[in-house]
Amino acid sequence: MLFTTDKQTQEDLNIFGKQGTDSILSLFNRTSTLNGARILEEMFNYPLSDMEAINKRSGAISYLKVVQAVFPFSSELFDRAEQYLANTDERSKLSAERPSLEKQLTSLVADDADYKQIVNGISALIEIVKVFDSLLKNNLLQAGSPFKNDAETISISTLLTAEPASLLLQEDSRGRLTREKLVTYDMLLRFRHRETIQRILRYIYQLDVYITVAKVATERNFIFPKALPKGEHVITIGGFYHPQLKHAVPNTLEVTPDNNVVFLTGANMAGKSTFMKSLGIAMYLAHMGFPVAAKKLEFSVLDGIYTTINLPDNLGIGASHFYAEVLRIKKMARELNTGKNILVIFDELFRGTNVKDAYEATIAITSAFAGKRDSVFVISTHIIEAGEILKERCANISFKYLPTRMKGTIPEYTYTLETGITDDRHGMIIINNEGILELLKKGKETVK
Amino acid sequence: MSFIADKQTLEDLNLLGKYKQYSIFSLFNKVNTAGGEKLLGEMFQTPLTDPGAINKRSAIFKYFQSKQLSFPFSNNEFGMVDNYLSGGSSSQYLTALLALARKKLMGTVLRGEEYKNIQNGLQQTIVLLNTCKTFISQFSNDKDQPFYDEVLVVKNILDDPKLEWLATEQANQLSLTKMARYDHLLRYKMEKALATVIKTFYQLDVYITVANLAHAKDFSYAKALPKEDNLFTATALSHPGIEKAVANPVSFHQNSNMIFLTGANMAGKSTFMKAFGINVYLAHMGFPVAAKEMEFSVKDGIYTSINVPDNLNMGYSHFYAEVLRVKNVAEQVSIGKSLVVIFDELFKGTNVKDAYDATLAVTAAFSEYDNCLFIISTHIIEAGEVLKQQSNIQMLYLPTIMNGNIPTYPYLLQAGISSDRHGMMIIENEGIVELLESN
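So the sequence lines, in the order shown, correspond to chains A and B. By the working numbering, the letter at position 379 of the first sequence is numbered 379, and the numbering carries on one by one without gaps. By the working numbering, the letter at position 426 of the second sequence is numbered 1426, and the numbering carries on one by one without gaps.
Just so you know, these hints were derived from the structure itself, not from any lab. Possibly wrong hints are sitting among the right ones.
Unchecked claim - Pairs of lysine-lysine residues, derived as DSBU-like cross-links and limited to a Cα-Cα distance of at most 35 Å, are as follows:
id	chain 1	residue 1	chain 2	residue 2
1	B	Lys-1327	A	Lys-441
2	B	Lys-1007	B	Lys-1244
3	B	Lys-1189	B	Lys-1116
4	B	Lys-1244	A	Lys-442
5	A	Lys-441	B	Lys-1223
6	A	Lys-441	B	Lys-1348
7	A	Lys-407	B	Lys-1348
8	B	Lys-1327	A	Lys-442
9	A	Lys-130	A	Lys-116
Said to hold, decoys possible - Stretches of chain A that chain B covers, calculated by requiring three or more beta carbons in the stretch to come under 8 Å of a beta carbon on chain B:
id	stretch
10	322 to 333
11	364 to 370
Glycine included, each C-beta is placed from N, C-alpha and C at the ideal position.
Take these sequences, add in the hints, and give me the full structure.
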């Protein structure tokens, strides 16, 4: 089953970002090859929802991080090889006949571009196969490597022992190829075994992604999450933070089936949105088998993530913010109804309506969500009164808040999660500190 | 003392800014001359606080609206003449003549441009002054009109016998001595007088353009009353920048100096508040307003808090920014200024309890100042139940009408506190809770 998410979620978490801005993808988007970047983007578009696939990928990347693997190819080789392979026109095939005198004379005067491309492509492929072979032997297939048991790696390495790769391996990469050899290789590489060659290249591109991601994990001190079976419904995440923030404050969260709804409160600037985004990003990357900005992450595999953090008003069609929120919840409710286990993140639920409605709606929706024990919900709100009712009604809600500390009249934020419902009543304190009411009262007396 | 409107207010109401889309200034900025635009800008920068001055200016607009004139010049013509006249000439006729002779010689021998330029400038000025004379003759005899004094000054200048030749002469047919004489006359002897003419025409540009705009948009003129009355009435007030805006009646007086406004998010609270603020501002400029039968006591200034920006750099939250804004206004109010104060969605950036307490305390404290007018909007409708007890607070709301499950907004003010509880209705209509509980 596919991992489901949507555009709103990807925008909330800034997975792809806008062109030219920093995004989560751009943290990792440093592959050596162009096709590697394409595969990376594909991975971001399609996170996994299968425990084994996730653990296998994170195991592979984690191994490459430990051995500090570097991508041993020059990326220009792949440009040459791809350009060469892209030409599938039979008429361009090198012919075994000796070229006519006329042709030989022309090639003396001006380079034959097609011929040059063929020679370049073949020599690039020889180089690639040779470097790849030694990478496999000296690194990936060494004892202790997870690649040793990987079916794809094993079948790729057997491909290297058969034609045409085995022939290329015997060539001296620096020597000039005779015309006879060029003709044979051109026929084999570009036409007869074309798909084999492309499969090997694709494997190398994927390796490029893995090595790049491993490097990012080393540089940024990311850790590799461990995927657990779906049925357990747990998430244990320690020391997680927002990977795009400097000096981000880490937090810890534990989710179990008896504790699968997080009711988050706190002042506006206390960091609720950042907390929710950090969690969403970590879970998103974890389902790709990628390293995450945390100290520890173990999670039961989910079927999808839906966030609602910056929901745009759709003023054009006359729908209010409130109505947009309702429609979004309905969409999630439909997904939940199909029996999927999903992570739902909702920031400032029902902020676009009057207090009474928001209060009732928050209670109704949160307690209905709480009935879905297989999924995980993180809901933030200003309506702290709703928390008191929910506390009585549902046993499986965990109440968390981000505190505000008053330092004189200036509010300070710890950004560290605490248990309970916020009782920050700094609003009136701030107003009193500023002396607004006295000011008005005194002014009234003097004016009269 | 000038009318107070700080930066935040000007931005909330989108009043100024030539290049800002939909600013109120650009709505009115259809003037023909650069001088007129400058004058219009000055009027926007400095609204008036004297009822007499306001009523005089609006009477002028009203007069020109009734005349339906069109300004007879383009910016180009005026620019050239202004340029020529401000060039200045020598104080002595003789030296001026010699200088002109030299320029003419240079023109024939060395193809110098200066003589030609003077000849052109003179010709343009002759044409312009003649047009001016014909133009003001349309209303210079009307002694009852409010702009009569200014027009009379211009008329007397143009009727000066020294300028009689204007009717007959052409600059390119003048002898050197005649040209030197006229040039000296216009640019030295009558320099000040002609500057007055030009300046009056810049004023006319503004008056005529704005009056015609008022006619096209069906704006009216507000009547300024003395400060002490603390009155405000208008039968149909709307946002001047919105086509086909819905109009609402508004009325304040000494014993009813506050509106407590509720309604759903999209119901039009902000638009109503902006419309009120903009019309108050325009009325203090003596400008036409998007309201009918508007009468107002002049105020010392206006403060709004409609889009208070977070100041994240200084570590202020939205709430704190709002508190500082409220404090700023409280300071002004408490020293006895009579102000118009508009607070939109007061204290939305905090938890409900705080917002409730704060709204209640602050609103009640402000409402004591019966020399000021307040409009305060909020989502905390519970606060309204308590404030209802105070007789000087008008409870108004903008309703939401459910059309099936699609909310529609009539934008018409109603008395009372919003009781729109469509939130739960929408959720029930969508059947979300049932959906979640179904398996």
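### Message
Could you work out which of the previously given hints the structure breaks and list their numbers from low to high?
### Response
4
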